[in-house]
Amino acid sequence: DIQMTQSPSTLSASVGDRVTITCRASQSVGTWLAWYQQKPGKAPKLLIYKASSLESGVPSRFTGSGSGTEFTLTISSLQPDDFATYYCQHYHSYLYTFGQGTKLEIK
Amino acid sequence: QVHLVQSGPEVRRPGASVKVSCKTSGYIFTTYGITWVRQAPGQRPEWMGWISGYNGNTNYAEKVQDRVTMTTDTSTSTAYMELRSLRSDDTAVYYCARGEGFADYWGQGTLVTVSP
Numbered sequence: 001d002i003q004m005t006q007s008p009s010t011l012s013a014s015v016g017d018r019v020t021i022t023c024r025a026s027q028s029v030g031t032w033l034a035w036y037q038q039k040p041g042k043a044p045k046l047l048i049y050k051a052s053s054l055e056s057g058v059p060s061r062f063t064g065s066g067s068g069t070e071f072t073l074t075i076s077s078l079q080p081d082d083f084a085t086y087y088c089q090h091y092h093s094y095l096y097t098f099g100q101g102t103k104l105e106i107k
Numbered sequence: 001q002v003h004l005v006q007s008g009p010e011v012r013r014p015g016a017s018v019k020v021s022c023k024t025s026g027y028i029f030t031t032y033g034i035t036w037v038r039q040a041p042g043q044r045p046e047w048m049g050w051i052s053g054y055n056g057n058t059n060y061a062e063k064v065q066d067r068v069t070m071t072t073d074t075s076t077s078t079a080y081m082e083l084r085s086l087r088s089d090d091t092a093v094y095y096c097a098r099g100e101g102f103a104d105y106w107g108q109g110t111l112v113t114v115s116p
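Quick note, the sequences are listed as chains A and B, same order. Counting from 1, one number per residue, gives the positions in the first sequence under the working numbering. Counting from 1, one number per residue, gives the positions in the second sequence under the working numbering.
Don't read these hints as lab results, they were simulated from the structure. Do not rely on the hints blindly, as some may be mistaken.
Unchecked claim - Capping the alpha-carbon separation at 25 Å, the derived lysine-lysine pairs in BS3-like fashion look like this:
{"no.": "1", "chain 1": "A", "residue 1": "Lys42", "chain 2": "B", "residue 2": "Lys23"}
{"no.": "2", "chain 1": "A", "residue 1": "Lys39", "chain 2": "B", "residue 2": "Lys23"}
{"no.": "3", "chain 1": "A", "residue 1": "Lys42", "chain 2": "A", "residue 2": "Lys107"}
{"no.": "4", "chain 1": "A", "residue 1": "Lys50", "chain 2": "A", "residue 2": "Lys39"}
{"no.": "5", "chain 1": "A", "residue 1": "Lys42", "chain 2": "A", "residue 2": "Lys103"}
{"no.": "6", "chain 1": "A", "residue 1": "Lys45", "chain 2": "A", "residue 2": "Lys103"}
{"no.": "7", "chain 1": "B", "residue 1": "Lys19", "chain 2": "A", "residue 2": "Lys42"}
{"no.": "8", "chain 1": "B", "residue 1": "Lys23", "chain 2": "A", "residue 2": "Lys45"}
Using the sequences provided together with the hints, build the complete structure.
Okay, here's the thing in structure tokens:
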């Protein structure tokens, strides 16, 4: 199985900051990678698919990049609604797996 | 608009079975698959498997493949996930979601609690 590792696990930031979350795969997943945002008690929300494609309705401050084994999610200017947990997920080959999550906290 | 509405919370004893439903609306059911994902408390989501809305083909995670069955009813645009021989570590929120690789619409989740 392909293992997904995110860093950092926790990130403290302020409104207006630019932040970057990294996701590394244990082997190449091409660009078969998605990013989700999850808030407590809610289902994950799709932000990015195919590594860099922005899901419809998601603000343009969210940007995904990368290929192979290293990927990043960047939020250009944090808004209050962005404080949540973020997960990457590969869908290159079964078994699809998620990273352990990055909790974005208010500084 | 697209909606996936799941059945309510369940409590089961170890060794029992549970069947969760996922009623969809707002799109043509047979043009998308349904993925099932579960999330134990404080843990990352875990992909359980996928079923084609077109022909019912399935792919299950090896961890649960001997205990899980995913089905669909195209007449009601509903997907089902049955998990048998429940154990305490099956306690989780179970989600259905539209899509085979990435999932763009999700149900609200169904809490399944396995307790003696």
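**Request:** Could you grab the alpha-carbon distance between Lys50 (chain A) and Lys39 (chain A) and see if it respects the 25 Å cut-off?
**Result:** Roughly 22 Å separates the two Cα atoms, so the pair holds.
**Asked** Are Lys23 (chain B) and Lys45 (chain A) close enough, with their CA atoms no more than 25 Å apart?
**Response** holds (19 Å)
**Given pair status - Lys107 (chain A), Lys42 (chain A), alpha carbons within 25 Å** = With a Cα-Cα distance of about 23 Å, the restraint between Lys42 (chain A) and Lys107 (chain A) holds, given a limit of 25 Å.
**Asked** Does Lys42 (chain A) pair with Lys103 (chain A) here, judged by a C-alpha cut-off of 25 Å?
**Response** holds (15 Å)
**Prompt:** Holds or violated: are the alpha carbons of Lys42 (chain A) and Lys23 (chain B) at most 25 Å from each other?
**Reply:** Holds. Lys42 (chain A) to Lys23 (chain B) sits at ~18 Å (cutoff 25 Å).
**Request:** Take a quick look at whether Lys19 (chain B) and Lys42 (chain A) sit within 25 Å of each other, Cα to Cα.
**Result:** holds (21 Å)
**Message:** Between the alpha carbons of Lys39 (chain A) and Lys23 (chain B), is the straight-line distance 25 Å or under?
**Reply:** holds (23 Å)
**Asked** Given the hinted pair Lys45 (chain A) and Lys103 (chain A), is their alpha-carbon gap at most 25 Å?
**Response** holds (15 Å)
The structure fails none of the hints (numbered hints given earlier).
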